[in-house]
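Asker: Each chain, written out:
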Amino acid sequence: MAKKRLCLTVNGRAIEQEIEENLRLLDVLRDELGLTGSKEGCGIGECGACTVILDGKAVNSCLVLALSADGGVVETVEGLAAGDHLDPLQESFLDNHALQCGFCTPGMLMSAKALLKENPAPGVEEIKEAISGNLCRCTGYVQIVEAVKEAAQRLGGG
Amino acid sequence: MSVHDSWRVDAREKVTGQARFAADLHIPGQLIGKVWRSGQTHARIVSLDATEAKKIPGVVKIMLAGDMPAHTTWSTYPFLAQGRVLYQGDAVALVAAESEEAALAALAQMEAVYEALPPVLSLDEALEESAPILHNSYPDNRVANSHWPVRKGNIREGFEQSDLVLEREYRTSHVEHAYIEPEAVVVMTDWDGSLIIYGSTQNPFNTRRAVAAATGYPLNKVRVVQQAVGGSFGGKEESVGLLAGRASVLCLATGRPVKMTYSREESVIESSKRHPFRFRYKVGAKRDGRLMALQAELVDEGGAYNFQAQFMNWRACVHAAGVYHIPNVEIDVYAVHTNHVFGGAMRGYSSPQIIFAQESLMDELAAALGLEPLALRRLNFLREGDETITGQILHEPVNAEKVTLRALDLADYERKKEAYRRQDPDTRQVGGIGFATCFRGCGLGAEAPDATGAILSVQEDGSIVVRSSLTDMGQGLQTAHAQLVARELGVSPARIVSKPVDTSLVPEGGMTVASRGTYSGGKPILQAVARIKQILLHVAAQKLECSAGELAMANDCVFRREDPSQKLSFAEVASAAFWSGHSLSVTEWFQPGPLRWERETGQGEAFPSYTYSCVVAEVSVDRLTGKATVTKLVSVHDAGRVVHAGAASGQVYGGMAMGVGMALMEGLNFERGLVTSTNFDRYLIPTAADIPEAVFEFLPSDGNSGAAGAKSLGEATVEAVPAAVANALAAAGYRLRTLPALSESLLKRERG
Ligand code: FES
Ligand code: FES
Numbered sequence: 001m002a003k004k005r006l007c008l009t010v011n012g013r014a015i016e017q018e019i020e021e022n023l024r025l026l027d028v029l030r031d032e033l034g035l036t037g038s039k040e041g042c043g044i045g046e047c048g049a050c051t052v053i054l055d056g057k058a059v060n061s062c063l064v065l066a067l068s069a070d071g072g073v074v075e076t077v078e079g080l081a082a083g084d085h086l087d088p089l090q091e092s093f094l095d096n097h098a099l100q101c102g103f104c105t106p107g108m109l110m111s112a113k114a115l116l117k118e119n120p121a122p123g124v125e126e127i128k129e130a131i132s133g134n135l136c137r138c139t140g141y142v143q144i145v146e147a148v149k150e151a152a153q154r155l156g157g158g
Numbered sequence: 001m002s003v004h005d006s007w008r009v010d011a012r013e014k015v016t017g018q019a020r021f022a023a024d025l026h027i028p029g030q031l032i033g034k035v036w037r038s039g040q041t042h043a044r045i046v047s048l049d050a051t052e053a054k055k056i057p058g059v060v061k062i063m064l065a066g067d068m069p070a071h072t073t074w075s076t077y078p079f080l081a082q083g084r085v086l087y088q089g090d091a092v093a094l095v096a097a098e099s100e101e102a103a104l105a106a107l108a109q110m111e112a113v114y115e116a117l118p119p120v121l122s123l124d125e126a127l128e129e130s131a132p133i134l135h136n137s138y139p140d141n142r143v144a145n146s147h148w149p150v151r152k153g154n155i156r157e158g159f160e161q162s163d164l165v166l167e168r169e170y171r172t173s174h175v176e177h178a179y180i181e182p183e184a185v186v187v188m189t190d191w192d193g194s195l196i197i198y199g200s201t202q203n204p205f206n207t208r209r210a211v212a213a214a215t216g217y218p219l220n221k222v223r224v225v226q227q228a229v230g231g232s233f234g235g236k237e238e239s240v241g242l243l244a245g246r247a248s249v250l251c252l253a254t255g256r257p258v259k260m261t262y263s264r265e266e267s268v269i270e271s272s273k274r275h276p277f278r279f280r281y282k283v284g285a286k287r288d289g290r291l292m293a294l295q296a297e298l299v300d301e302g303g304a305y306n307f308q309a310q311f312m313n314w315r316a317c318v319h320a321a322g323v324y325h326i327p328n329v330e331i332d333v334y335a336v337h338t339n340h341v342f343g344g345a346m347r348g349y350s351s352p353q354i355i356f357a358q359e360s361l362m363d364e365l366a367a368a369l370g371l372e373p374l375a376l377r378r379l380n381f382l383r384e385g386d387e388t389i390t391g392q393i394l395h396e397p398v399n400a401e402k403v404t405l406r407a408l409d410l411a412d413y414e415r416k417k418e419a420y421r422r423q424d425p426d427t428r429q430v431g432g433i434g435f436a437t438c439f440r441g442c443g444l445g446a447e448a449p450d451a452t453g454a455i456l457s458v459q460e461d462g463s464i465v466v467r468s469s470l471t472d473m474g475q476g477l478q479t480a481h482a483q484l485v486a487r488e489l490g491v492s493p494a495r496i497v498s499k500p501v502d503t504s505l506v507p508e509g510g511m512t513v514a515s516r517g518t519y520s521g522g523k524p525i526l527q528a529v530a531r532i533k534q535i536l537l538h539v540a541a542q543k544l545e546c547s548a549g550e551l552a553m554a555n556d557c558v559f560r561r562e563d564p565s566q567k568l569s570f571a572e573v574a575s576a577a578f579w580s581g582h583s584l585s586v587t588e589w590f591q592p593g594p595l596r597w598e599r600e601t602g603q604g605e606a607f608p609s610y611t612y613s614c615v616v617a618e619v620s621v622d623r624l625t626g627k628a629t630v631t632k633l634v635s636v637h638d639a640g641r642v643v644h645a646g647a648a649s650g651q652v653y654g655g656m657a658m659g660v661g662m663a664l665m666e667g668l669n670f671e672r673g674l675v676t677s678t679n680f681d682r683y684l685i686p687t688a689a690d691i692p693e694a695v696f697e698f699l700p701s702d703g704n705s706g707a708a709g710a711k712s713l714g715e716a717t718v719e720a721v722p723a724a725v726a727n728a729l730a731a732a733g734y735r736l737r738t739l740p741a742l743s744e745s746l747l748k749r750e751r752g
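So the sequences go chain by chain: A and B.
Read left to right, the first sequence gives residues 1 to 158 (UniProt numbering).
Read left to right, the second sequence gives residues 1 to 752 (UniProt numbering).
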């Protein structure tokens with residue numbers, strides 16, 4: 001298979017790489033860049049474990065052909081914290097016990113992050129809606145919704 | 001909640017993406033392993049041909065059953081099937097290749113010829129006289145050792161003394177664990193030739209057994225290292241053993257590390273499911289509601305292979321009559337083989353199914369007697385000093401009634417029930433409220449020894465490592481264990497590192513099942529803490545020139561109770577102890593006393609302690625579409641003393657969601673034995689939008705046998721939910737005797 005050049009900004013870092021044409025954005029992140037925070041749970045756009053922010057929008061990176069994102073700006077869970085300084089969403093997930101196995105957590109955080117960027121003061125229903133594409137089998141979502149609400153408040157919204 | 005209760009040992013790593021799951025590992029030189037599955041319901045293998053597949057560039061190795069170095073099966077499950085395949089997930093060949101693409105291309109080039117054999121497609125078919133025999137050693141299609149009877153009193157007399165006898169049949173479906181992380185392992189050899197398996201496994205010691213079986217290696221040359229596990233709920237057991245065994249033989253055959261990750265489809269096709277049950281209950285009661293007799297046949301579908309039903313059905317026979325006092329009982333539980341994917345452990349084991357049937361029955365009986373559901377239950381609840389159907393006198397506090405009254409109160413049940421009864425039956429949206437009460441035997445009970453171990457080591461700088469023989473698969477067990485240590489030593493949890501299981505480091509401590517992680521798993525930890533504490537206090541007493549009895553430990557210090565200013569930091573004491581030659585590393589083992597069980601009658605001592613739970617559900621049904629929604633769940637659990645409030649709350653909410661899924665949406669679909677709902681587009685689990693308002697309370701209780709007073713919780717949280725939802729639906733006019741209560745079934749009822 002032919003290789004093509006892919007240019008991306010990932011977590012603020014410019015990336016330029018020759019990749020196989022058929023790679024998904026998720027493959028590039030996990031296999032080429034070693035950013036294994038984004039997970040694969042279904043491969044068909046149903047579980048949200050692979051959610052990243054692409055050009056400001058939450059997307060299922062298992063459904064994005066990497067080359068179609070050429071020139072794009074990608075944010076992954078690895079880019080949320082600034083060094084030791086956690087993002088308020090991450091803090092709030094810790095404080096609200098919003099995770100158990102943690103497999104859905106990166107995707108959940110990125111969906112929530114995208115939501116808060118667009119809507120700094122979301123209501124409970126809006127939060128549920130925003131994360132309804134992210135499956136979690138462990139938590140029953142209650143503490144996750146709480147966490148997002150609290151993060152919004154901490155950020156001065158809500 | 002105390003400050004410590006939102007703290008979790010692995011949370012920071014999990015919110016930053018650092019936590020490493022098995023599929024995140026990459027070993028230089030690794031090959032990608034794949035499984036070629038039969039895709040057949042029941043067939044004879046006529047021929048398998050890998051000639052073309054071997055020619056694909058990048059393919060390094062293809063193995064058939066004949067190439068396996070040792071055993072082709074583990075327990076009853078085949079690593080590679082030989083001669084015959086019994087369900088679609090059966091593997092017939094393994095591929096190792098340089099890349100995923102090459103491995104997949106090889107699978108596409110494999111050629112097989114099968115000759116279809118008559119299949120068994122349901123538990124009813126399995127029981128037919130003329131049913132095909134699936135395993136020659138079990139000509140009646142019954143799963144080995146899966147029959148567990150209970151005989152108590154005199155069933156004939158019991159029915160004779162009854163004024164009313166009611167017979168009902170209930171059924172449940174195959175439920176998928178749907179952990180969001182599909183199974184994955186990476187296998188490599190160590191420099192001494194032994195194997196190292198990094199995997200997403202619930203029971204690393206069982207995974208080790210599987211690898212030993214597949215490779216012929218002794219157990220001491222197989223090291224299984226658990227990675228962060230992305231949920232399990234009983235599921236990462238058989239399939240992970242098979243996966244690890246297969247990856248190991250590929251690793252040995254190629255001399256290269258091998259990584260194998262299941263796709264969601266493979267995970268659904270091969271991993272075990274919640275056993276579907278068919279319940280036939282016959283209950284007799286006096287006119288006033290006193291239960292006199294219960295006769296029941298519980299049949300569960302074990303699928304193509306099965307090892308779990310023998311254990312699961314034992315638990316089933318103990319819980320088959322619910323949390324009630326019944327003098328005359330005859331119960332038979334057994335499992336059958338079919339050509340479907342195998343049944344296994346899933347959160348609650350057999351209980352969510354049984355409670356659905358048995359608590360539906362209680363509501364139906366109440367209605368037949370003209371009694372309120374609560375009145376019937378209060379008359380029959382087990383109480384302290386009562387004898388269970390399995391002949392055990394309950395000496396510990398029995399809180400069935402207490403949790404029920406509290407839950408009903410919290411749910412405003414009486415008022416709402418009346419309001420629903422007055423609702424206009426012709427409106428499009430109708431509602432109902434219902435509840436279910438249950439108990440759960442804590443830990444393994446008489447099923448198997450509830451023994452387990454732990455290692456606690458305090459380092460010279462005062463930091464601490466805790467290693468349990470039981471696993472954290474997301475439920476937060478490492479945190480609960482660290483919490484116990486922190487509390488007992490009076491140190492901050494930040495000092496403690498709690499490690500996942502590595503089979504080369506901790507004693508084999510049995511399986512992490514039956515909600516025994518804290519209940520039993522906490523015990524060797526507390527024993528170890530007690531020994532370490534003794535040493536530290538002894539050393540501190542010498543330094544402070546007092547007796548150890550005068551000292552206390554809190555706030556990361558050891559101090560004199562009389563004069564707290566006379567103190568030493570925890571780190572100082574640890575260092576002094578180490579440098580004066582004391583051992584600060586302690587291995588402890590908890591061995592419970594033996595429990596008595598008589599198999600023929602099902603009488604004995606089943607469990608030392610029981611968790612009591614009540615769940616109240618409110619539902620709303622759209623009569624036009626048949627869509628049912630759970631609008632509110634209230635649950636109250638007597639789980640003894642809760643160790644970590646944050647983790648415990650997470651268990652309750654998670655259990656509620658799983659219960660809602662089982663009640664309303666989850667059931668695997670098959671077409672002639674082949675699963676058609678193999679991914680989340682067709683197998684739906686609850687999303688954030690499906691979650692009802694959730695309220696819960698723990699009812700603290702003492703006097704039980706658990707570590708630090710903690711009883712089992714993880715499974716108890718899910719168990720009564722489907723039953724409560726079913727009873728709420730019945731209150732809304734929809735008594736469904738088969739789960740899940742899909743809109744199709746409700747519509748059918750609606751249209752008569
Ligand atoms: S892996 Fe992308 S949505 Fe599930
Ligand atoms: S925390 Fe396990 S899937 Fe969400």
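To be clear, the hints were calculated from the coordinates, so they are not data collected in a lab.
Take the hints with a grain of salt, since some may be wrong.
Said to hold, decoys possible - Chain B is faced by these chain A residues, among others (derived, beta-carbon under 8 Å):
#1 Cys-7
#2 Thr-9
#3 Val-10
#4 Gly-12
#5 Leu-33
#6 Glu-46
#7 Leu-109
#8 Gln-153
#9 Leu-155
As the list claims (entries may be wrong) - Pairs of lysine to aspartate or glutamate residues, derived as EDC-like cross-links and limited to a Cα-Cα distance of at most 16 Å, are as follows:
#10 A:Lys-3 to B:Glu-101
#11 A:Lys-128 to B:Asp-690
#12 A:Lys-128 to B:Glu-101
#13 A:Lys-3 to A:Asp-95
Think of the CB as a built atom: it goes at the ideal place given N, C-alpha and C, for glycine as much as any other residue.
Asker: Each hint: holds or not?
Answerer: Results of checking the hints against the structure:
no. : hint                   : verdict
1   : Cys-7                  : violated (23 Å)
2   : Thr-9                  : violated (18 Å)
3   : Val-10                 : violated (13 Å)
4   : Gly-12                 : violated (15 Å)
5   : Leu-33                 : violated (12 Å)
6   : Glu-46                 : holds (4 Å)
7   : Leu-109                : holds (7 Å)
8   : Gln-153                : violated (16 Å)
9   : Leu-155                : violated (16 Å)
10  : A:Lys-3 to B:Glu-101   : holds (15 Å)
11  : A:Lys-128 to B:Asp-690 : holds (9 Å)
12  : A:Lys-128 to B:Glu-101 : violated (37 Å)
13  : A:Lys-3 to A:Asp-95    : violated (45 Å)
Consistency note: the structure conflicts with the earlier hints numbered 1, 2, 3, 4, 5, 8, 9, 12 and 13.
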